[in-house]
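Engineer: Starting from the known structure of chain A, arrange chain B on it as the hints suggest.
These are the residues of each chain, in order.
There are 2 protein chains.
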Amino acid sequence: MFIGIDLGGTHMRAALVDRRQTILDRRKVATHVETGPEAVRSRLVELCRELAPAARKKGEPVSAIGLGVAGKIDPREGRVIFSPNLLPLNDYPLACELQEQTRIPVYMENDANLFGLGEQWLRADRGIENWLGVTLGTGVGGCLILGGRLWSGDHLGFSAEIGHTVVDPAGPECVCGLKGCLEAHSSARALVHGVAAHIARGELTGGRLFELFSTGALTAEAVYDCAKQGSTLALGLFQRMGWALGLAIGSAFTLLGIRCAIIGGGVSAGWDLFIDPLCESLREHCSMLNPGEMVVQLSERPNEAALLGAARLAQIKTGVDA
Amino acid sequence: MFIGIDLGGTHMRAALVDRRQTILDRRKVATHVETGPEAVRSRLVELCRELAPAARKKGEPVSAIGLGVAGKIDPREGRVIFSPNLLPLNDYPLACELQEQTRIPVYMENDANLFGLGEQWLRADRGIENWLGVTLGTGVGGCLILGGRLWSGDHLGFSAEIGHTVVDPAGPECVCGLKGCLEAHSSARALVHGVAAHIARGELTGGRLFELFSTGALTAEAVYDCAKQGSTLALGLFQRMGWALGLAIGSAFTLLGIRCAIIGGGVSAGWDLFIDPLCESLREHCSMLNPGEMVVQLSERPNEAALLGAARLAQIKTGVDA
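Residue numbers (the numbering used here), protein chains in the order written: chain A, 4 to 325; chain B, 4 to 325.
These are calculated hints, taken from the structure and not from any lab test.
Please read these numbers as outputs of a predicted model, since none were measured by experiment.
Don't take every hint at face value.
The list treats identical chains as one, so a pair stands whether inside a single copy or across any two.
Capping the alpha-carbon separation at 35 Å, the derived lysine-lysine pairs in DSBU-like fashion look like this [said to hold, decoys possible]:
no., residue 1, residue 2
1, 182, 61
2, 61, 31
3, 31, 231
4, 75, 182
One chain only, chain A, in its complex shape (with noise of 0.2 Å):
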């Protein structure tokens, strides 16, 4: 029996997931990394304590946690080296504590890579051995899947950042410092720029996109609601978001010469608005494969395979199933 945590800048989701891939038990409560490290830490050891019954009611003890973070972290350390979403926990050791707290092993990595691990786990019997995974939340993750394993690059402390590569050098600006960044096109925080970059230019002075962005209450779903209804504005923000999407992942085939794509994360849930035009880009930007050979698909789970991969990690650390 494991615990698999996904540590996100709005949510922490923690669940009991047995060896068949179960979840038995589940939680859900806001991050307010605001409060501080500690607090932070508090709040996972809670959510930990409230998933034991299920497993003692099951007659079997947790015997790992896997924790998922999204930013550039040190796993062997256990430690955040920098995560511009969950800023009070840079250089905090967040796997130590958790440990140290809950007397259970803690092995942590980047939440995008653990989506990557949770769904090479789900599609096990497919034998997809090579593709890259794409995370699209408040920011834009990524994974590779190399072989049928993880690949973590040079331990730098990322890999697969496919959301740091430059789609458009004369793109919008992104949080990460860059210009033109797949994560400044194809985000949840994207769509909201989206919106707010018209407002700035004078483009956007009515409307429900402009109403929820004067009172602070536009989300990615919000611009999504408004793209159903017809708004040309949010329409095109999609289209947006998927020409990035297409032109990242063709860029990305041809350097890794792979031909596999998957999309999770909570933002995918916008699929059908943005995979016509990913696709039609993915096309236009991809030179060495056929259109026909080209797979791009939505995650088994979109919204728990980072949960289960965080399960599934501490699984594999502690050589029950490597």
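Structural biologist: Coordinates of chain B only, in the frame set by chain A:
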């Protein structure tokens, strides 16, 4: 004893190489691909025959031939799938035919991948496990060494084709049909086309570059010479070359979680003119690494690494040293 062949659009080169990386004899002749695949194959057979005496003198037979060809190829069938610079060879079973004529096993690979094998052989004592190779020639090739081995992706006939990743969607057209590829900024052809574009726009109406272009005698070397003599246009083209290389390498580092790149090929002779803008652009386009972490090096032997890599492929394939 092994023969390595590097078959390019302009020249074919062959070398007799022993297990200690020594080149015992070598040949270089014009490819003249317009004479057709059989004529090209005959010239390759002739080169191999000319190298035989040097092997006999050492008392060792030639065990195998490694053959590098620019383009998309099928190593298992020994067939050129598509090579823009060697169009008459498309779909021709070059390796099989060469093997039949020489009665020596022939193994075929993409020329930039062989640059990777050769460079990794030359640097065997330095233990760089993961690196990206970029070869600057008529076009731009690439290779990936991951975990110390040549990465072949999904065995689709190409991998690491960084030359056809898009660095600027508003950039110049590429021979592959896309717009704004690295190759359209950073190859010998891009230097010549860059001059041509200035002339077409009426921005260059005289001087050495104009004269060379008008007489059909403009080469990358001439653009280099003019840059060294202070031509602003020529210097700008090398700056653009470096800018695009920095952006593409930065995005590749971000995607792969690695930090080393090695640059080879004939046009890497312009290193002094493009390395500074390359490094500046790399710093500007990679937010995941500190400038001090990133390593970009010139090949140990820019003009020989691919040839040595071809011999190395033959060596690996015959199981002499896997």
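Engineer: Each hint: holds or not?
Structural biologist: Hints, verified against the model:
| no. | hint | result |
| --- | --- | --- |
| 1 | 182 with 61 | neither (51 Å within a copy, 59 Å between copies) |
| 2 | 61 with 31 | within (22 Å within a copy, 74 Å between copies) |
| 3 | 31 with 231 | within (28 Å within a copy, 64 Å between copies) |
| 4 | 75 with 182 | both (19 Å within a copy, 33 Å between copies) |
Hint violations for this structure: number 1 only, all remaining hints satisfied.
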